[in-house]
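Colleague: Sequence:
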Amino acid sequence: MKAKKAMMDAKKKAKPLKISTGRLPRTEGAELFGREGELARLDAAWKDPGTHVISFVDFGGVGKTALVKHWLAGMSAEDYRGAERVFDWSFYSQGTSGGQATAEVFIAEALKWFGDSDPSEGSAWDKGQRLADLARRQRTLLVLDGLEPLQHPPGKGLTEGALKDPGLKMLLEGLAASNPGLCVVTSRVHVDDIARFANTTAPVVELENLSEEAGAQVLANLGVEGPEEELRAASREFGGHGLALNLLGGYLVDYRGKDVRRRGEMHILDEDEEKGGHARRVMRSYEDHLGEADLALLRIAGLFDRPAAGELVEVLKDAAIAGLTKPLAGIAGKDWKRALDHLREARLLAEEDPEDKAALDAHPLVREYFGDKLRDDTPEAWRAGHDCLYEHLVKTADDRPETAEAMAPLFAAVAHGCAAGRHQEAMFEVFHQRIRRGYAFFSVNKLGLWGSDLAALSGFFAEPWTRPVETLTEEEKSLVLREAGFDLRALGRLAEAARSLRVGLDIDIALKDLENAARAAGSLSELHLARGAVAEAVEAAWQSVELADRSGDAFMRLGNRTTLADAQHQAGDLEAAAALFLEAETMQKEDQPIYPLLYSLQGFRYCDLLLGRGEHTEARRRAGQALEWAEQGGAGLLTIALDTLTLGRAALVEAAAQGPDGFEEAERHLDGAVEGLCLAGMQDYIPLGLLARAELWRLMKGDGEKARRDLDEALKIATRGGMRLHEADAHLEYARLHLAGGDSAAAREHLAKAKEIVADTGYRRRAPEVAELVACIT
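In our numbering, the protein residues as written are 1 to 778.
Warning: the hint list may mix true and false statements.
Per label pair, the in silico range of CB-to-CB distance [to be verified]: (1) D288 / Q424: 34 to 42 Å; (2) Q138 / D118: 14 to 22 Å; (3) L679 / I331: 52 to 60 Å.
Calculated from the structure, these hints are not laboratory results. Glycine included, every Cβ here is placed at the ideal spot set by N, Cα and C.
Can you build the whole structure from these sequences, using the hints too?
Modeller: Below, the structure is given as C-alpha cells:
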C-alpha cells in the first residue's frame, strides 16, 4: 500500500502546476502519418537540457501545426512529462496578413497568465524580456504556432525571417540563450533572430512533405479506395502536401465515388507549390460541386485574416449581401448545422470552437483562396462585406476605449473600413478621433499599442511602408507615411522608418507643403543619426533648416537649427554646432521672451555639447531651469527624463573631481533619468541614460558589476535597433571599465570595435576619446 501511495504522490507532483492550451487551429484531422521522426525529435528536445527552442519550418499546409498538436496530445496523456507550466498560442488567430498581425495581445495575455504584476508596464522590449524571465522560473513548455505574419518576408530589402515585433524578439532571444524548459515554434520562414543558436540551443527542423507511403495512408484513412500504387501516385502528384491530401481525400469521397483513379478529372492550375498550389487545385475543383450556401460560408471566412467571431458571422448573414451571404437567407437550425458539418468533414472549415460555436475558421490557405476569389471575381461583394463589418464595429465599439481589449474592435474597424474602400472615414473618424484621440496619441502614449497602431496603418498602404493606396489624396499619403515612420521608429525599425519618411518628404516638397516638409526632413535627420549615418543626417538637417526658413514657421526654424547643430556636433564640427545653438536660442528669445534659454529636446542637445566642452556648471544651470519649466508646464516623460539626465551627468563630473563620497546626487539623478527614459519608451534615447549611469558605477567605488549590467543592456538595445553611435559609446565605456580593472586585452578589443564604428559612421565627435584610450592602452 505504501508503495502504491508513493507512486500516486509522485504522479501528482509530476503534473504541471498550470496549463493553458487549446488555442492551436482546429484544421487538421486526428490521425497523423509519416511523422515518427519529427515526433522523436520533439521527444528528444524535451528531454535535452541543451535544447531551449526548436523550430519547425515549412511552406504552408505541409503539416507543422498538426504535428505539434499531435505531440502535445501525447504529452498531455502523460501529464506533460514534468512540465510545470504549459502554454500555447497561435498567431493565426491574431491575423495572417503581415501588415495587420501583432504580438501585443499574446504578450499581454502571457504576462498576465505567467504572473506579471503589471502587464501594461514598460516598452515592448521590456515586456518580452519579462515574459522570458517569467517562463524561465519553472520548467515551461511554450508553443508558438504560425510566426510568419510577424516576420519579414523574402524579397523586401529587409532581413528575411527577422521578427517585426520587439516583444516577441526579446522573448525568443531570451529563451534561446537560457531556458530550463522548451519553446516549440512553427513558421513558414526561419526565425532570423535566433539563427545564431541554430547549431546549439535552438535547432531548426525543415519539415519535409509526406512520403508516398504516408500520403497514401492519409488518403486511405479518409476513405479513398484504389490500388496501393495509385494511392502512392496520388500522394506523389500532390507533392505529399498535408492539407492538399486531406482536401483531396474529402473531394474524392464526396464527388468521385471514393475512387483515387478519378483524380485526373480535377482542375489543373499553374500555381506555385510554395503558395499552396496543390491545395488550391483541390479547392478550385470543390467550387464546381459545392452549393451556394456552402460557398457563402467559405467566402465569409475569406473576409477575415483570423477566425471570424460568431457575432460578426451573424451580422453578415443577416445583411443578405448579394454575391456573398444572400444564399444564407432563411437557413437556420438543422440546415445551418448540416452545411457547416459538410464543410468541416471536407476539411474546408475548422472544427467547431467550443467557446464560440457560431464562429467560422479555416486553414489560412483556405481563407486566402476564397478571400482572393471573392475580391477578384466579385469586388462589389468583397467591399460590401467589409463595409457591413465596418459599420457594425464602429457602432458597437466603445466610443473612447480605455484598455487594449476595448480598443481591439476599433482596430478591426479600421482594417475592414480600408478593405471596403472607406479610407478617409477610417483614418479621420476612427483612427485619429477614437484610437489616437488627436494629438494625445492615446493608443501609443497611454496604452503602448505601437504594434497595433502600426498594424492599423497598414490598411492605408498598397506596399508597406512606402506606397500608400491611391484612393488617398497626396496630403493624406504624406500623413500616413509620417505616422508610419513615427510608429516604426518607436518599434526600433529605423531603416524602415527612414524609408517611409523619405517618401513622405518627397510628397511634401512636391505639394510645396513647406512646414510638413521641414518637419519630415528634421525627423529624417534624427533617424539617420540614430542609425549612425552621420553624413546623411547632416545633409537632411541642412535641408530641414532651408525648408523651415522658407515656411516662415518660427518654432520650426529654431528647432531644426538645433537638429542640424546636433548632427554637426556628432560629426565633430563643434564650432559650427555651437554657433547654430546660439542662433536658435536668439530666435527663441525673440519668439518666446519668457523662455530665454533653449529647453526640451533642443535644450538637451545644447547641454550635451556644453558637457562635452567641460562646461558642466553652465549645463547644470540650464537643465535645472528647463526642468522647472517642464514640470510647471506638464511636459512629457521624455523631456523631463532628458533634463534629469543632464543634471546627473553634470553632477557626475563634479563628484568625480571631489572623490568617492560625493556621488549621491549624481546617482539620484541618473537613476531617475533611466527610469524616465524607459517609461517614455523611445528606444533610441534609453542607452543615453544607461551609458551615463555605467560611467557612474565605474567611478563610484569601482562597481564593475553594476557598470557591466548597464553596459550590457545599452549595447543590447543599440545592437538590435542598429543604433551605431550608441554601439560605439558602449564599446568606449567598456574599454574604460576594463582598463580600470587592469584587463588591457579586453579593453583593447572593445576599443578596436569602437574605433571601427567611429570610422565607418563619421562619428568624429569621439575621435579625441579614441585617441586618448589608444594612448592609455598602448
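Colleague: I'd like to know which numbered hints this structure contradicts. Please list them from smallest to largest.
Modeller: none
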